[in-house]
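Asks: One letter stands for each residue in the lines below.
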Amino acid sequence: EDKVVQSPLSLVVHEGDTVTLNCSYEVTNFRSLLWYKQEKKAPTFLFMLTSSGIEKKSGRLSSILDKKELFSILNITATQTGDSAIYLCAVEAIAGGTSYGKLTFGQGTILTVHP
Amino acid sequence: DVKVTQSSRYLVKRTGEKVFLECVQDMDHENMFWYRQDPGLGLRLIYFSYDVKMKEKGDIPEGYSVSREKKERFSLILESASTNQTSMYLCASSPGLAALQQYFGPGTRLTVT
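So the protein lines, in turn, are chains L and S. Here the numbering used here is used: position 38 in the first sequence is 38, and no number is missing along the way. Numbers given in the numbering used here equal positions in the second sequence, counted from 1, plus 115.
So here's chain L without its partners, still in its complex pose (with noise of 0.2 Å):
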């Protein structure tokens, strides 16, 4: 059974800090990691990962892949109080040859900023 989990459950920080958080997954067939924020409704796509080592950023957020060591990261830099968010890592496997876009979740990760 493929699992996803993700640390911490729970972030409390002040703006400005530095967050870094963890997303580890036992798959078979790896596909692809992505990273969802979401806020008071829909979760809303971050980043998708598919090769080792190589940084994906996107203002102050990046995320790296580490395929051998089955683990993600998502980094967030000075952080503001808008980035309170859960954060959701979800990875896609491969079964009989494809997917169909099928994603496991992780139980994510709740991120507070205070001012």
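The reader is advised that the hints may include incorrect statements.
[To be verified] Taking lysine-lysine and the PhoX-like style, the derived pairs with C-alpha atoms no more than 25 Å apart in a straight line are:
id : chain 1 : residue 1 : chain 2 : residue 2
1  : L       : 37        : S       : 118
2  : S       : 168       : S       : 186
3  : S       : 168       : L       : 41
4  : S       : 185       : S       : 168
5  : L       : 68        : L       : 56
6  : S       : 118       : L       : 41
7  : S       : 133       : S       : 172
8  : L       : 3         : L       : 56
9  : S       : 186       : S       : 172
10 : S       : 118       : L       : 40
11 : S       : 172       : S       : 185
12 : S       : 186       : S       : 133
13 : S       : 118       : S       : 186
14 : L       : 41        : L       : 57
15 : L       : 40        : S       : 128
16 : L       : 3         : S       : 172
17 : S       : 118       : S       : 170
18 : S       : 170       : L       : 3
19 : L       : 41        : L       : 68
20 : L       : 37        : L       : 3
[As the list claims (entries may be wrong)] Covered stretches of chain S (in silico footprint by chain L; criterion: 3 or more residues with CB under 8 Å from a CB of chain L, positions within the stretch not fixed):
id : segment
21 : 148-162
22 : 217-225
None of these hints come from the bench; they were simulated from the model. The beta-carbon is built from N, C-alpha and C at its ideal position, and this holds for glycine as well.
Given the structure of chain L, go ahead and fit chain S onto it with the hints provided.
Replies: Then chain S, alone, in the frame of chain L:
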């Protein structure tokens, strides 16, 4: 702009009722998904569909069924609602055979009393 809509934001039903949750996407996506989200458990896949009239069980299909009669619409059915089905239900869609990003609807918070 990409859009996934769900029929209700909040729903309160009684134990034993039949419940329909509707999801519509306007992106001509092949794949559609139903998840439930509970604190500490993340998103868990209930069912997904990769084509009209096609459906596959996810990780927690018990107590649920689905229907996909048209490409843009994917319905989740609770045949006889129970209190342990109180949850946030999220619908998502994605194109093609790979996990290009999934687009999520706003969610339906279902309470079963």
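Asks: Now tell me if each hint is right for this structure.
Replies: So, going through the hints one by one against the coordinates:
no., hint, result
1, L/37 x S/118, "holds (17 Å)"
2, S/168 x S/186, "holds (9 Å)"
3, S/168 x L/41, "violated (28 Å)"
4, S/185 x S/168, "holds (8 Å)"
5, L/68 x L/56, "holds (18 Å)"
6, S/118 x L/41, "holds (14 Å)"
7, S/133 x S/172, "holds (20 Å)"
8, L/3 x L/56, "holds (23 Å)"
9, S/186 x S/172, "holds (18 Å)"
10, S/118 x L/40, "holds (17 Å)"
11, S/172 x S/185, "holds (19 Å)"
12, S/186 x S/133, "holds (23 Å)"
13, S/118 x S/186, "holds (14 Å)"
14, L/41 x L/57, "holds (24 Å)"
15, L/40 x S/128, "holds (23 Å)"
16, L/3 x S/172, "holds (17 Å)"
17, S/118 x S/170, "holds (22 Å)"
18, S/170 x L/3, "holds (22 Å)"
19, L/41 x L/68, "violated (34 Å)"
20, L/37 x L/3, "holds (20 Å)"
21, 148-162, "holds (count 8)"
22, 217-225, "holds (count 6)"
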